[in-house]
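Student: The primary structure of each chain is shown beneath.
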Amino acid sequence: MTATNAPDDRDPILAAWLDEGPTDLPDVTRRAILTALTTTPQARRGPLAPWRSTHMTMFARGAAVLVVAFVAIGIGALLIGPRNGVGGPTPTATPTSTPTPTTTPAPTPLVFTSAPYRYSITLPTGWVATPAHATWDGTTAPIFDDPVVDAFGPAGDVGAFVSAAPTSSSLSAWVADGIATNARDHTVDSGCSNFATPDSVESITIGGQPGTLVGFKDCFFVNMAFTVVNGHGYRFAFRDPVTMDSSLITTMLGSVVFH
Amino acid sequence: MRTRLVEQARAGDDRAFADLLDLDGDRCYAIAYRILRDVERAQDAVQQAFLLAWRELPRLRDPERFEVWLHRLVINACYEEFRRYHRWSANVRTLPVDGPAARDEIVSIDDRDALERAFRTLSPEHRAVVVLHHHAGLPLASIAEVAGVPLGTVKSRLHYATRILRGALATDEVEGRKVRPA
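Those sequence lines, one after another, are chains A and B. According to this note's numbering, the first sequence is numbered sequentially starting from 1. According to this note's numbering, the second sequence is numbered sequentially starting from 1.
It is possible that part of the hints are untrue.
[Said to hold, decoys possible] SDA-like, lysine to any residue: derived pairs with alpha carbons at most 20 Å apart:
1) Lys155/B - Glu145/B
2) Lys155/B - Arg10/A
3) Lys155/B - Leu122/B
4) Lys155/B - Pro124/B
5) Lys155/B - Arg166/B
6) Lys155/B - Asp11/A
7) Lys155/B - Thr121/B
8) Lys155/B - Arg184/A
9) Lys155/B - Glu125/B
10) Lys155/B - Ala118/B
11) Lys155/B - Ser142/B
12) Lys155/B - Leu140/B
13) Lys155/B - Ala15/A
14) Lys155/B - Asp8/A
15) Lys155/B - Pro139/B
16) Lys155/B - Pro7/A
17) Lys155/B - Ser123/B
18) Lys155/B - Val68/B
Keep in mind the hints are simulated off the structure, nothing from the lab.
Take these sequences, add in the hints, and give me the full structure.
Tutor: Printed below as a string of structure tokens:
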């Protein structure tokens, strides 16, 4: 501790002055918070996490149903889809019947194109896109509901979001700036304290361009990917540490096309 | 008790969250007011912090860390309010309302005025460290955890801020408006 941090006879005055002022949260604020809860959805919880509460709001019930449906669809896709992996069940020759025409077309992945940010990306099946309706200037670290990001995810949720801004930086400088800006803006609300020091930094390819994938183990933002293309710096953020696994991130980044 | 409420609120129980608001709301508001020195801004910051807490609570992995995490949200909300306030507003001075009077006249009018002026020169990051240390009584290591900065940064901020605030009191002494005991 420095000398100035040592106790001083003026400190009681300082403490007494700080103690002055209101100490009770006004009822109007308390009511405003509780009222807003009904219109503020909670972030999606990882599908592997336990649900312990015996009392659930209507939103929580709905979210639970969505999660179960999402998992069921995923398992179904794994069981029904082609399996080329080692160790999977060996396909058996079964008689094929004539396919019955169906009125419900199979869901196809959505290809989202951003004119302002000059890229396209293929989204996982069932995901929807919410385009940015403002332009990022590159000096902030926008979060998933920021108007400057293209946000992607299952309906009602966001799993990934993208923003881009003109830059003259090299890739390494863009990455360093992105990490620093993110630490500056989000260390406090991230739930972790190591935002300035990623757990992993990996060279990758994003849409055929050199990029960098930055990983954080225990933060709400589990990964961010950066690249610089045609004088634009891109920031891809992946939000959920459970559902946004590395293979999904790799697939999404590999699908990117820059215009 | 708090941990159980956190687990329930994390699963979407808004009644449990209301209980958490009852437990922690006053303390958060007191901290926010003392950082921002403005009643309405403090209310906004606390509201913003609690709604963010509600929204992101399912992602909080360790319920035992809720209190630290909530304090971080409050501090961060204060930073945002401070910057928004200073961007759009002139220096509007809001005096404390409905608070307790000075304890036994420890703080004179001159002291109060000097401290108020000096405190307003500090950044929100410096203010937060002062409030968490001198008002909330948190040890420096806990402040580092709440603020999400290294311990050395906390010490440095506290050193700087304390020097400014003590200096404000000392200035009065030099100007002869106040005589302090040694």
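Student: Each hint: holds or not?
Tutor: Hints, one by one, checked against the model:
Taking the CA atoms of lysine 155/B and glutamate 145/B, the gap is about 13 Å. The hint holds against a cut of 20 Å. Between lysine 155/B and arginine 10/A, the direct Cα distance comes to roughly 18 Å. Compliance with the 20 Å bound is thereby established for this hinted pair. For the hint linking lysine 155/B to leucine 122/B, the alpha-carbon distance of about 15 Å falls within 20 Å, and the restraint holds. Restraint check for lysine 155/B and proline 124/B: satisfied, since their Cα atoms lie roughly 15 Å apart, inside the 20 Å limit.
For the hint pairing lysine 155/B with arginine 166/B, the CA-to-CA distance comes to about 16 Å; that is within 20 Å, so the pair holds. Proximity of lysine 155/B to aspartate 11/A is assessed by CA-CA distance (about 16 Å); at most 20 Å being required, the pair is judged to hold. In summary, the hint linking lysine 155/B to threonine 121/B is supported, as the alpha carbons are separated by about 19 Å, within the 20 Å threshold. For the given pair, lysine 155/B sits about 19 Å from arginine 184/A by alpha-carbon distance, which is consistent with the 20 Å threshold.
In summary, the hint linking lysine 155/B to glutamate 125/B is supported, as the alpha carbons are separated by about 12 Å, within the 20 Å threshold. The hinted pair formed by lysine 155/B and alanine 118/B meets the criterion: a straight-line CA distance of about 19 Å does not exceed 20 Å. With a C-alpha separation of about 12 Å, the suggested pair lysine 155/B and serine 142/B falls inside the 20 Å cut-off, and the hint holds. Proximity of lysine 155/B to leucine 140/B is assessed by CA-CA distance (about 7 Å); at most 20 Å being required, the pair is judged to hold.
Note on lysine 155/B and alanine 15/A: the hinted pairing holds, with a Cα-Cα distance of about 18 Å set against a maximum of 20 Å. Using a Cα cut-off of 20 Å, the hinted pair lysine 155/B and aspartate 8/A holds, with the two alpha carbons roughly 16 Å apart. The suggested pairing of lysine 155/B with proline 139/B holds, with an alpha-carbon distance near 11 Å, which does not exceed 20 Å. Simply put, lysine 155/B and proline 7/A have alpha-carbon atoms about 13 Å apart, close enough for the 20 Å limit, and the pair holds.
Restraint check for lysine 155/B and serine 123/B: satisfied, since their Cα atoms lie roughly 15 Å apart, inside the 20 Å limit. Of the supplied pair hints, the one linking lysine 155/B and valine 68/B holds, its CA atoms being roughly 19 Å apart against a limit of 20 Å.
Of the numbered hints listed earlier, not one is contradicted by the structure.
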